[in-house]
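Listed here are the chains, written in short residue letters.
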Amino acid sequence: MWLKMFEPSGPTTCLVMKVSDMEKELRQEAGKLLEEGTVDYIIGFAPGSLKFTTTPLITEDIDEINNLVINPFINNNLAKYLPEIPGRVGIIAKGCDSRSIVSLIQDKQIARQDIVILGIPCSGLVDLKKVEKLAGKERDKIDDIVVLADKVCITAGGEKKEVPTTEVLFDHCLGCELQIPKEYDFLIQEPAAEIRDYESSSKQIQELKKMSPDQRWAFWKEQFGHCIRCYACRQVCPACFCERCFVEESQPRWVSPVSQWQDNLIFQAIRTIHVAGRCTDCGECERVCPVNIPLRSLSKEMYDLVGEMFDYKTGMDVNAPALMTAYELVEAEGLIR
Amino acid sequence: MITKKINKKDIRKLLGTWNQECSVIVPTREQGIVEMAGWDNKDISFLDWYRNTVVPPKACFLPQSEVMISFQKKENGLKIEVPQDEHKQIIFGIRPCDARAVAIIDQVFADTYDDYYYSSKRRNTLLIGLSCSNPYDSCFCTSTDVNPTESEDVDLMFMDIGDEYVIEEITSGGKALLNTSSMIKKATKADINKAKEVRAASVDKLKKKVDTKDVDRKLQSCFNDIDYWEQVSAKCISCGICTFLCPTCFCFDINDEMIKKHGARYRGWDSCSFRSYTKMPMENPREEKWRRVRQRVCHKFEFYPMNLGINACTGCGRCIRLCPVNWDITQVIAGLPGEISVHSGK
Amino acid sequence: MKQNTEEQPRIVGFLCKWCSYAGADLAGTSRKKYPSNLTVLKVPCSGRIDPLFVLKGLRLGFDGVLVSGCHPGDCHYQTGNYRARRRIVVTKKFLEYLGVPEQRVQASWVSASEGAKFAQVVEDVVENVRAVGPNNLFSDEG
Amino acid sequence: MEPRIGVYVCHCGSNIAGTVDVAEVSRFAGDLDAVKVTRDYKFMCSEPGQNLIKDDIRELGLNRVVVASCSPALHEPTFRRVCQEAGVNPYLFQMANIREQCSWVTEDHNGATRKAKALVGAAVNRVYYHQPLEIRQVPINPNTLVVGGGIAGIQAALKIADAGHKVYLVERTPSIGGHMAQLDKTFPTLDCSACILTPKMTLVSRHPNIELLAYSEVEDVSGFIGNFKVKIRKKARYVDINKCNGCTECENACPVEVPSEFNLGLSKRKAIYRPFHQAVPNIFTIHKRGAPPCRTACPAGVDAQGYVALISKGKYKEALEVFRRTQPFAGVCGRVCTHPCEADCERGKVDEPIAIRYLKRFMADYELKAGREKAVKVKQTQQEKVAVIGSGPAGLACAYDLIRLGYPITVFEAAPEAGGLMRYAIPEYRLPRKILDNEISYIQELGVEIHTNTRVDSFKGVFDKGYKAIFMGTGAGISQKMGIPNEDVDGVVHSLDFLRKVRLGEDVKVGKRVAVIGGGNAAVDAARTARRLGAEEVTIVYRRSRAEMPALYAEVEEGLREGIKIQILAAPVAVLAEQGRLSGIQCIRMQLGEPDESKRRRPMPIKGSEFNIPVDNVIIAIGQIVDRTLLTRDLEYTSFGTVSVDPTTFHTNIEGVFAGGDVISGPDDVISAIEAGKEAAISIDHYLKGIDLKGGRPVRPERVKNVPKENIVKKARKIMPVLELDKREGFAEVETGFSEEMAVEEAQRCLNCGVCSECWECVKSCERGAIDHGMKDEIVEAVVGGIIVATGYEMFKPRGIYEYGYGRFDNVLTALEFERIVNSAGPTEGHVHLKDGSELKNIAIIHCVGSRDKNYHEYCSRVCCMYSLKLGHLVREHVPGAKVYEFYIDVRAFGKGFEEFYNRITREGTTFIEARPSGVTNVAETPQEEGKLIVHYEEEIHPGIPRRLPVDMVVLSTAMEPQEDVKNVCRLFNINQSADGFFLERHPKLDPIATATDGVFVIGCCQGPKDIPDTVAQASAAAAEVLSLIGQGNIDIEAATAFIDEKICSGCQICRIVCPYSAIDFIEEGGVCRVNEVLCKGCGACVGGCFSNSISLKHFTGEQLVAEMENMLI
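Residue numbers (the working numbering), protein chains in the order written: chain A, 15 to 351; chain B, 33 to 378; chain C, 96 to 237; chain D, 265 to 1378.
Just so you know, not all the hints are guaranteed correct.
As the list claims (entries may be wrong) - Below, simulated DSS-like cross-link-like pairs (lysine-lysine); rule was C-alpha separation at most 30 Å, straight line:
1. A/Lys151 - B/Lys239
2. A/Lys144 - B/Lys226
3. B/Lys120 - B/Lys106
4. B/Lys292 - B/Lys111
5. B/Lys111 - D/Lys300
6. A/Lys155 - B/Lys111
7. D/Lys1253 - C/Lys112
8. B/Lys40 - A/Lys147
9. A/Lys122 - B/Lys74
10. D/Lys300 - C/Lys212
11. B/Lys226 - B/Lys41
12. D/Lys1147 - D/Lys1196
13. B/Lys41 - A/Lys147
14. D/Lys581 - C/Lys127
15. D/Lys982 - D/Lys579
16. B/Lys74 - A/Lys147
17. D/Lys552 - D/Lys581
18. D/Lys776 - A/Lys122
19. C/Lys112 - B/Lys292
20. A/Lys223 - C/Lys188
21. A/Lys174 - A/Lys155
22. B/Lys74 - A/Lys151
23. A/Lys196 - A/Lys217
24. B/Lys292 - A/Lys151
Just so you know, the hints here were simulated from the structure itself, not pulled from any lab data.
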């Protein structure tokens, strides 16, 4: 989608973004929705306050519509906001966001008729951690990131580097299963470039699977030693919509509120089980973790697990029953005595 | 006042000397996460890459979780033990913004109220500041009355002037650390001049600015401007990143844990961003997100100045840089109804 | 770290009261013999079991957790065991991925008439769990 | 209150103490938190043991109790009662099972003691967290629902009603009686079935406490024991139950005959019927299966089944009346309709569709021939005048419907005569003038005024004359052009102009060689007309293949017979002219490509394949377009050049002006034009009455599904006679029409898809006015305390057992069929003879057909032995001297009087052969076998010797099997099936009529095959169960139910979806779920599914279970 927006002609940082045709179309449509009173709010993305960042824009103000952007840094899964915003909402949705929206509808957290989905095609988002690594510089020291169809130009400290796009996209984007929303009310009709690398997408999971159970446990034990229990993973996750998380329960206390690796690990294990069939592999949990725990290696494994065992793909069909409300007469054979 | 200096080559030796008498804590990096941790007695590469930690130094005195008492159920009641920790430590490399933060938390835990667990660690710790000449684009310390190269909140202040560090001796404890070492030289006039240039240049690098004058008054006046708070809090997801990683946030929660007959009372970080933070049996005074967001802003910029005469924000920028949704406190301050301007370092 | 002991393994079994618990009773009345390592918790239906119980059991130090209900199609409450099945297999497979040996989380269908099967299930589960040693998963050491 | 726990460890003699160190366990328990006393005792369940607990509760102030003993399945109720008696809530008690699950399953004393400690420790920690629960009761509604009106349901209903309680007896067929009513005699006493059953049936109908809901079905059951809420659909009988007196006049009038279910298809019944003479309630029912396909396929919705059925009974006048209910053009449509009805005719799936169109023509012709009575002028009831512009089929149909609604109607026609294209485009030899004239006069006689030679130029002018609404049906009168060179040359004519001139009687000349371009009816009409005008060589040029020609198939066929040639796959590219005079046409060959939007394959020209046809005239018949006239200048048009109307209301953009027919659709057939006229008439009526145009329009009835096609003898469709070729002089009509015999015979082929044909003959015949075809199903709602399900069984259908020849040989019958035959009220009035009427000399009765057979049903149907013996006896009773052979596996004579009956039959001379026959054939091997059915078998006692037995008739003693829709019934009442498919009882011995759902009982053959005495006994037992329930007045319900903390609920409704008892409701306001504790059975599936744990299950809370688990680890 945005590929053509970052033309190779001259440097463009995402802070001085060209208003692309797509953005224009989006703003027009969003503006119309607000103006005609079809929706009370628009949720989308605006430029962030720091380089290469965007920030969620939740507004009822038509003047703010011109801040709506589409670029390779629109990370947030905006579906998260839907259950808490009153009235009718127009939401800008990438494929993965649309799946979360559908999942929330399946779980009755939102009503389809209250949501206007403005679908945008997505070719993948840039993982700044990967870019930083490639450039050997931190985000604020990078001058420019130009995304072309199959390669990316990174300029930092006067040095220009060209790498395949697959090396800078988020792991979950490399395994994307829905680039263009299936469920939408308005769709920006642009093709999305298919940039995929399934192997890298679940590389860490495959490596973990090669280990012995003890090694795997040791790995996660180490990882959850870092956890600070800030709950950003939970808070950013659209599938986590419980009014009260089980960690907050005190009778009984399932998980100690004290941050110790055992309970940190149990928290995340249960959270992952709880979002089984709701997780769309949007990768937000891993992105927001301030201590870099590879959380997607948990959620993606669960995503694949329910896919394989129950042939279940989250958020693809508004009318499908939620995973845990359905069953087949014969399933999971061989796992139960 | 700059009085001493040391060649960069000698830092390892200096730390080595200190490390024999107490534990030396330096910036370390593991899995991409920078925090203050025990020095391994050899690696000083952090001098090259270190900008600031992700986990603020407050964790050295107020850890994420710590045991307050441990107990054991015996036939005739509980046997209770309180952990003792009087070991001495030196934190090397604390930035002026974080040093200010420690001073701020000191006022809470080691002033009129003396918190045993905090102050037993704090009083056994010396802080060695390190000037900052490579700020993030999220840093705005000059707006919160912090100079990135100066600090009165440390025991010694080191400043990078090229091949050498010039040193300010702030406290007697700090001074004492230098006495024993032969690597410490006297700073020359040229060094001091160089330092002045560096200082000016460093301050100049901070492009992000926000006018914090009268913020407390403005916050007071717009405390009940619910529209404003609802609007600015809309995108907040109520996670604990900004508070847990804020160098001045100190809220904690106490929990007892018991498995079979052994148990402990733990204290751990808590966050006013969490909805459950103020949850009480019948009601929650901060049920709505905007109340929690307002609390955080007001705590930093209104209640602190009112009670202690100082802003509780030191401009370290962690909460902006690490926020999952790019919630920027400077924008919120700047946007307060009233005339305060913001300069962005874009 | 815990070592193998005589008491080990300790296994907690969640049995639905209509089928599996009755099956366990039948094993007793027909004097089937099986190891004493399993202690049973009676629940109305396997559908009552939340993955939390499994994790809680392991966290408390049980070496293994068994969930047992009516055979598919026989649930006293019609569909509870189908619900349980999805939850329990997801939990089992996922914990296995985390590094919990799959032997520690087991499930079975035992009807009220299957006293012998219950004894056999206990026999097998105990043997399986013993093979993977005591539960040191949450030990700080190692 | 601080927990004070007492722990009691039972020795159970040596059962526990022999393996477990009970003293050690007791000591251990004493050290546990909150335990105030521990004791061990020989037998805790004994009186002294119980008193121990009671005394401690009183003296030590215990408020919680743990007993470690046997399984709670055994003594939990005992100890709960002990607690309650001593003043402790029974739920503040917990039992540790240290016998069945501890001492009995190991010989390891240490291990057992350790385990007992763990279990006791767990129980103590659990009981600490117990909450007192209230045992709640709900009152029992004293009404009862009995489902199924067979002998089981009748008996149960009578017993309960006699006890003074209200019973709803629901039966889905029109009468109660069930299978028993079909039986002749009952074994072993040989009582007449009807004699013992009918008095009971009458009692039911008269009983003040029984509300009989026959011809009704239970649709929904919710609620629980004591308070089931039931919805019953009372199917419309179309006969007023209070007015019908069972006089049978309607039955005589009804023209529709279908196989009688009661007589198993051995006789016929009418569409309005009563299953049997003694039916209760003794009233008639009209059987409507749905709208017949001929009716739903007809654009105008003509009720073809109705007139076909009447024709089959020779009621031609009545038939035409049925037709005219919908539209006036029977004669026209009987000739020119494109008959979509025939395309969808169900008979077409058997052999050939009914010749509906020809039958229609027949009745119209019949009337004309017999002389039509003048139609009665419709009384004007409405004031608003309506104008119809154009007198084609659309306009006249609209006028016809409106005049009958009482509106004054005027039709304006520009041409000299009314009829539109019916008159001017269809040639005389297809539609003779007198036919059309007759039907137009009929319309005029009703009161429609037709002004011919009157062209209307503005709607305003019409409105100004006081007309309140206008229908415009001006057609599509302009011929389409081909767009090829020389198209305008002399000698090229358009078919519409050509045909019109011929119809107007103008002198039209054609050359010797004529080419007609096009493939529709207009082309064929033009070609055949040209032929009649003297053209010698007429060629139709069509660009697709023959199969794709839209013209009626028969018309094309006749054209070919008349010598017309067809150039298929050819298209004209130019008209050839010499000196301004037509000389021929140049065509190009086409080939068929991919199908286009019309699903026909698109013709593509083949390059270089041009060829010339020399002709004198070219007639273009490639379609017409809508004329844009002065009148229509303000109307909106579609992109196809037709007038734009609302597709439902046919309203144009001009207020009050409606349009239909070709003017809106482009060239189409007559019947579609009639449809448009009729729809517009509805709109105009609404419009003039100020009703919403779209609302309240008649709904198109739904097409019938699943028309049974068994036992239909194939029979060819009658062929329309045509005028011999040599007699086709001038424009004489070619098709000559069916004779009366042909028509009746053809009409009798009709399958009566809808069963009732809605001819309304019954309405006319009923003096009491009891019949109402507009009757609707009713929903009866009732609240009942208990439900008795007595839905019975079905007989096994032996058609699947090919080798026994059922369905192939006339004289192979099922036992129930034979039962009807021997019955004096049966199809043969009790005369037993072969199908062809000849005498029966010997008969074979084969037992266990479908029973005791792994291929069909493994179970024994229990009644077949005895009824087979009974049938054997009845054969000899009816045909003295007949020989009876009983082929049996075992004779199971287990019941009271059965063995004696068997002995009696044996003495009577029946021959018993122990064999399961391998087949029945009609292939004779000896002269004696000629014309007989031969049973193949091997005797059990002489295996390996194949034998043959020639008999006249074979009776198959078929199995009982569950009703076809048993699964739905299971779902409805929440009961289960056993492996044999019948309903599952709660316990086969101790609770044989209860089910897993409290308050629902199953009796009779729906629970399993059984005979009448057993069924009646079960029915009485169910009555006792229900009365016992009612007698209790109240009932305890589960105390350990789920509850939701609404503050935490996020409203995802997973709990609601997984709840098998619909016990959870979603509360819109607040967006949370709530448990209906009365419905909740306490399974906890919702709790396991609620990830925020906002649901908890009382007595099995997370806190309690975790506490229990924690202390298990001693």
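Okay, the hints, checked on the actual structure:
| no. | hint | verdict |
| --- | --- | --- |
| 1 | A/Lys151 - B/Lys239 | holds (19 Å) |
| 2 | A/Lys144 - B/Lys226 | violated (38 Å) |
| 3 | B/Lys120 - B/Lys106 | violated (34 Å) |
| 4 | B/Lys292 - B/Lys111 | holds (14 Å) |
| 5 | B/Lys111 - D/Lys300 | holds (23 Å) |
| 6 | A/Lys155 - B/Lys111 | violated (56 Å) |
| 7 | D/Lys1253 - C/Lys112 | holds (22 Å) |
| 8 | B/Lys40 - A/Lys147 | holds (27 Å) |
| 9 | A/Lys122 - B/Lys74 | violated (58 Å) |
| 10 | D/Lys300 - C/Lys212 | violated (40 Å) |
| 11 | B/Lys226 - B/Lys41 | holds (19 Å) |
| 12 | D/Lys1147 - D/Lys1196 | holds (14 Å) |
| 13 | B/Lys41 - A/Lys147 | holds (28 Å) |
| 14 | D/Lys581 - C/Lys127 | violated (86 Å) |
| 15 | D/Lys982 - D/Lys579 | holds (19 Å) |
| 16 | B/Lys74 - A/Lys147 | holds (25 Å) |
| 17 | D/Lys552 - D/Lys581 | holds (24 Å) |
| 18 | D/Lys776 - A/Lys122 | violated (79 Å) |
| 19 | C/Lys112 - B/Lys292 | holds (28 Å) |
| 20 | A/Lys223 - C/Lys188 | holds (12 Å) |
| 21 | A/Lys174 - A/Lys155 | holds (13 Å) |
| 22 | B/Lys74 - A/Lys151 | holds (25 Å) |
| 23 | A/Lys196 - A/Lys217 | holds (28 Å) |
| 24 | B/Lys292 - A/Lys151 | violated (51 Å) |
In this structure, the hints that do not hold are numbers 2, 3, 6, 9, 10, 14, 18 and 24, in rising order.
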